[in-house]
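Protein chains in written order, with full-length UniProt numbering: chain E, 1 to 166; chain P, 1 to 166.
Copies of one chain are not kept apart here, so a pair can be met inside one copy or by any two copies together.
Derived lysine-lysine pairs resembling DSS-like cross-links, with alpha carbons at most 30 Å apart: (1) Lys79 <-> Lys125; (2) Lys53 <-> Lys82; (3) Lys54 <-> Lys82; (4) Lys122 <-> Lys53.
Since the hints were made in silico from the structure, they are not lab data.
Number of protein chains: 2
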Amino acid sequence: MSKSTGLNAIEMQCLRQSFGLTVAQVASITNTTEEAVNAWESGETEAPVPVQKKLLEIDDIIEMQVLNTTDGIEELFKKEPKRRLAFVVYPTQAVYNMYNPEFLSSLPLTELYNTAAWRIKKECKLVLEVDVSLVPLDAEAYKAYRADNGLSESRESRAKWAATQL
Amino acid sequence: MSKSTGLNAIEMQCLRQSFGLTVAQVASITNTTEEAVNAWESGETEAPVPVQKKLLEIDDIIEMQVLNTTDGIEELFKKEPKRRLAFVVYPTQAVYNMYNPEFLSSLPLTELYNTAAWRIKKECKLVLEVDVSLVPLDAEAYKAYRADNGLSESRESRAKWAATQL
Numbered sequence: 001m002s003k004s005t006g007l008n009a010i011e012m013q014c015l016r017q018s019f020g021l022t023v024a025q026v027a028s029i030t031n032t033t034e035e036a037v038n039a040w041e042s043g044e045t046e047a048p049v050p051v052q053k054k055l056l057e058i059d060d061i062i063e064m065q066v067l068n069t070t071d072g073i074e075e076l077f078k079k080e081p082k083r084r085l086a087f088v089v090y091p092t093q094a095v096y097n098m099y100n101p102e103f104l105s106s107l108p109l110t111e112l113y114n115t116a117a118w119r120i121k122k123e124c125k126l127v128l129e130v131d132v133s134l135v136p137l138d139a140e141a142y143k144a145y146r147a148d149n150g151l152s153e154s155r156e157s158r159a160k161w162a163a164t165q166l
Numbered sequence: 001m002s003k004s005t006g007l008n009a010i011e012m013q014c015l016r017q018s019f020g021l022t023v024a025q026v027a028s029i030t031n032t033t034e035e036a037v038n039a040w041e042s043g044e045t046e047a048p049v050p051v052q053k054k055l056l057e058i059d060d061i062i063e064m065q066v067l068n069t070t071d072g073i074e075e076l077f078k079k080e081p082k083r084r085l086a087f088v089v090y091p092t093q094a095v096y097n098m099y100n101p102e103f104l105s106s107l108p109l110t111e112l113y114n115t116a117a118w119r120i121k122k123e124c125k126l127v128l129e130v131d132v133s134l135v136p137l138d139a140e141a142y143k144a145y146r147a148d149n150g151l152s153e154s155r156e157s158r159a160k161w162a163a164t165q166l
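The task is simple: from the sequences and hints, build the whole structure.
This is the structure we're talking about:
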């Protein structure tokens with residue numbers, strides 16, 4: 001998305017909703033208030049340029065994540081028959097903070113990661129004809145699975161656990 | 001999206017949020033209750049297959065709308081220099097019902113049309129490098145514009161009015 005063309009009220013609202021975020025959540029990640037967000041979305045005031053940039057950057061990060069992950073999945077299926085895939089998501093902010101901290105600076109809320117995951121699911125279906133299921137991490141079940149299989153905590157172990165949930 | 005693979009709780013929520021719809025709105029377009037929608041999204045019950053199909057069909061309709069409109073805009077700019085474009089959206093359900101009735105059967109809520117418009121804006125920027133602005137129809141201003149210019153009501157007249165708002 002352009003960084004030079006300003007977003008109007010309806011566009012600010014569409015952008016927030018496309019992320020699956022509430023007004024309060026957008027206020028929080030842009031360091032402002034719910035009143036301010038409501039004012040942008042009703043056209044009372046214009047959203048400050050740095051806020052617009054920040055939100056458009058998040059959209060870019062999500063789209064990049066979608067591209068990279070879809071490319072990775074395409075690579076994975078070059079020699080294998082296509083099958084269902086599990087993609088781990090995080091049911092609460094606390095679980096997201098604990099298990100996915102490397103994303104906190106770019107996608108600070110678990111809802112933003114869910115949005116990326118949903119777009120990945122759509123893209124994989126459309127472009128690769130691969131079914132991706134979003135699997136919320138069940139921290140207790142995952143710990144038990146690791147103990148049973150002698151696995152340490154890692155992205156790979158989470159993916160293995162998630163595959164057992166399909 | 002697949003019609004054979006069922007959507008789980010988090011996926012039902014992601015799908016609703018990707019449309020920019022509230023729980024009440026999804027209940028309304030799927031002829032069910034808010035309690036039922038909340039139950040699908042919390043994993044208490046599974047969303048009925050016809051409901052999943054209906055919502056995935058709406059997503060397909062939106063994506064088709066995005067493809068067709070983006071193709072149309074690409075065609076438009078084959079011989080002209082690229083410029084900013086206005087895309088009319090409808091600020092309330094009443095205005096949507098009055099001016100855009102041909103979409104009511106496929107995209108019954110104005111928010112769904114907004115979602116399509118937002119995705120068109122993104123796609124045009126990314127693929128065509130064309131800036132599209134979403135312009136909410138101001139029914140009074142549009143009527144005055146038509147009177148001033150001797151135009152009858154049509155999609156084309158709306159587009160002409162919207163272009164004056166850029």
